[in-house]
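> Single-letter residue listing:
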Amino acid sequence: MRSDRVQGAVWALGGGAIVYASWTMDRLERHGAALYTAPGLVPGLLGLVLLALGVLLALRPGAETQRSLVVTWGNTPLVLVLCLGYAIGLVGRLPFGLATFVFVTAFIAIFEYPSFRRMALAPVYGAVTSLAVGYLFESVFLVRLP
Amino acid sequence: MFQGLALFGQSIAGFLTVESILWALGSSLVGVVIGALPGLTATMGVALMTTLTLKMPANQALLVLVCTYVGAIYGGSRSAILLNIPGTPASAASCLDGYALARQGKAGYAMGIATTGSVMGTLIGMFFLALFTPLLGNVALKFGAYEFFWLAAFGVVISGNLTGSDPLKGWMAGFLGLFLATVGQESVYAFERFTFGTRELAGGLSLVPALVGAFGFAELLMVMREKRPPVELSPVDSVVPKLNDLWKYRRTIVRSGCIGTFIGIIPGVGEDTAAWSSYAAAKRASAEKEKFGKGSVEGLMAAETGDNACVPGAMIPVLTLQIPGSAPAAVLMAAMLIHGVRPGPLIMVESPQFVYDVITMMLFALIGILIYGLALTRFLVQILRARYQVIVPIIFVLCTVGSFAIAARLFDVWVMLAFGIVGFALRLGNFPMAPLVLGLVLGELLEKSLRRGLVLSGGDVTPFFTRPISAFLCALIVLIVLSRFISWRPHANRAV
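Chains as they are written, first to last, in my numbering: chain A, 1 to 146; chain B, 1 to 496.
Derived by calculation from the structure, the hints in this document are not laboratory data. Each residue gets a CB set at the ideal place from its N, CA and C atoms; glycine is no exception. Take these hints with a grain of salt, some might be off.
Listed next, with one range per pair, are the computed distances between beta-carbon atoms [what the hints assert, rightly or not]:
(1) L16/B with V6/A: 56 to 66 Å
(2) L16/B with L136/A: 36 to 46 Å
(3) I367/B with A21/A: 22 to 32 Å
(4) P61/A with I12/B: 53 to 63 Å
Simulated coverage check for chain B against chain A, where a stretch passes if three residues somewhere in it have a Cβ under 8 Å from a Cβ of chain A [stated by the list, open to error]:
(5) 178 to 186
(6) 452 to 463
Required output: the full structure, derived from the provided sequences and hints.
Right, here's the structure in full:
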């Protein structure tokens, strides 16, 4: 359960942290920088706005009575694990074609369960995607693969 | 005027090559397919295609991106009519009457009306693009640092105000985008801010991987979160539009085209607002108000004309002010910068040909959607049966490779992942994405203009409030914000 009040508090905290970081940022006075050219000026002002908007969100009338957001996660955690596993764990460590084949095959097989007929097609999709994306990027669009 | 026509002729001649025509047709089709699939938006399509077209010549790459953009906005109507699910947010208004017509056994007729509306909307928008760009370009020449600062702030505020259901959250998303744009070395002293010692962050957050994450990865997470019932498609009758519909609804078409273009010009607002506004205006003016929502051809025509007219409209501020009129236009603008094309106030002085090149690209896209709307309906209907379990991993592979391709570094893949997760969390909290994107794109302009203005005035902030255009923009922002603060209730009359 999350409400505007909690969200507002999180944003206000974030805005406050930005303001603090900007205020304590080097003002480069030794380089002749004036206050209005200090590197922290713009992020500081933006942090201040975020802080104010966060407070407004948390305190605005009706914030508590508004419909709270009930988060239904569905397949999200599993999708996240698979996608992060591919992008962080496989790409760059395995040859691109193999990494893509493993990811696409595993993803389809997991989400098509318990339809064994569709699961059996997963390696085909994996192989076709791996070959097609490799060809498309390297040969047609002349882009390097990870 | 004749000079404009000559430039337009030169642009058409320049693009009339087999290669360009094939790219235009192919990318329009990609756009239509992306737009037709619920959950995948035009912004995502343009962001993904940006990564694919990095090594292409600028004109060819932008042709691909414009065709994808136009195709995706049009493609959204397919699922709106056949499934009652908008393929893109821009097609939400088309669901009301499009699906009602399909339920009456007129799905093909509804798709014909959508095609007619889309083509006419794009044509009207193209006309205004050609007409207004030189005019607005002349006005933009009067803009200095003070005016650009307020314009950037205005873009974020108006985008937050009109996209999404809660303006306060829209503004928060917009200002977060502006803040994220300050990460990395600032422009005066090359001082590193918020990099936490990470060398890769010194150059700032890469825009395209961030956009691919916020719109690509985050959308995939949203798509997989929902359980979708098996697709039940309405039967399709003839999709050939009737010419007498064009005449019968001529006023609706012209009105919606004008509204759509005007909304496109407003920074960061976009196609969904254009569709809803055109729909509401058509309903107010209609003699058959009672039919709206129950299968009104006029309502469908208005929504489709409005959202498609918004596409060329959104390009007008991109070309003249470097301020995007919609989220996909923001990505398109980022792509222009990557390809070395610098839109802005000087465009009509330095490269007027480019403005007509963009109009020609729209014309090619229009031909593409006309062909697909008439000839490939049954194929496109089958696309709606595609299984997300298969599409999602393939698109994620493209998001990953595309993010890497920008600078051949894995760090950009991590940026994409981070923005995807943050974008997903923000969507869950009902924060709209369009202002965030606009903030990211406009952040540099806002900071540069503020600091330049302060340096010019020796730290005096008075010129920000006393120069006529600055004062006008500032007053407009204050009015928008105050109008929302007077009423605390978030407006909930629009679909997000």
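> Kindly confirm whether 56 to 66 Å is satisfied by the beta carbon distance between L16/B and V6/A.
holds, 58 Å
> Verify the CB-CB distance for P61/A and I12/B against the hinted window 53 to 63 Å.
Given a distance of about 57 Å, which is inside 53 to 63 Å, the answer is holds.
> Lying within 36 to 46 Å: is that true of the beta-carbon distance L16/B to L136/A?
violated, 26 Å
> Can the suggested window of 22 to 32 Å be confirmed for the beta-carbon pair I367/B and A21/A?
At 52 Å between Cβs, range violated.
> Count the residues of the stretch 452 to 463 of chain B whose Cβ falls closer than 8 Å to any Cβ of chain A, and tell me whether that reaches three.
With 3 residues closer than 8 Å to chain A, the stretch 452 to 463 of chain B meets the three-residue bar; holds.
> Taking 8 Å as the Cβ threshold, is the statement that the stretch 178 to 186 of chain B is covered by chain A upheld or broken by the three-residue rule?
holds (count 4)
Of the numbered hints listed earlier, those contradicted by the structure are 2 and 3.
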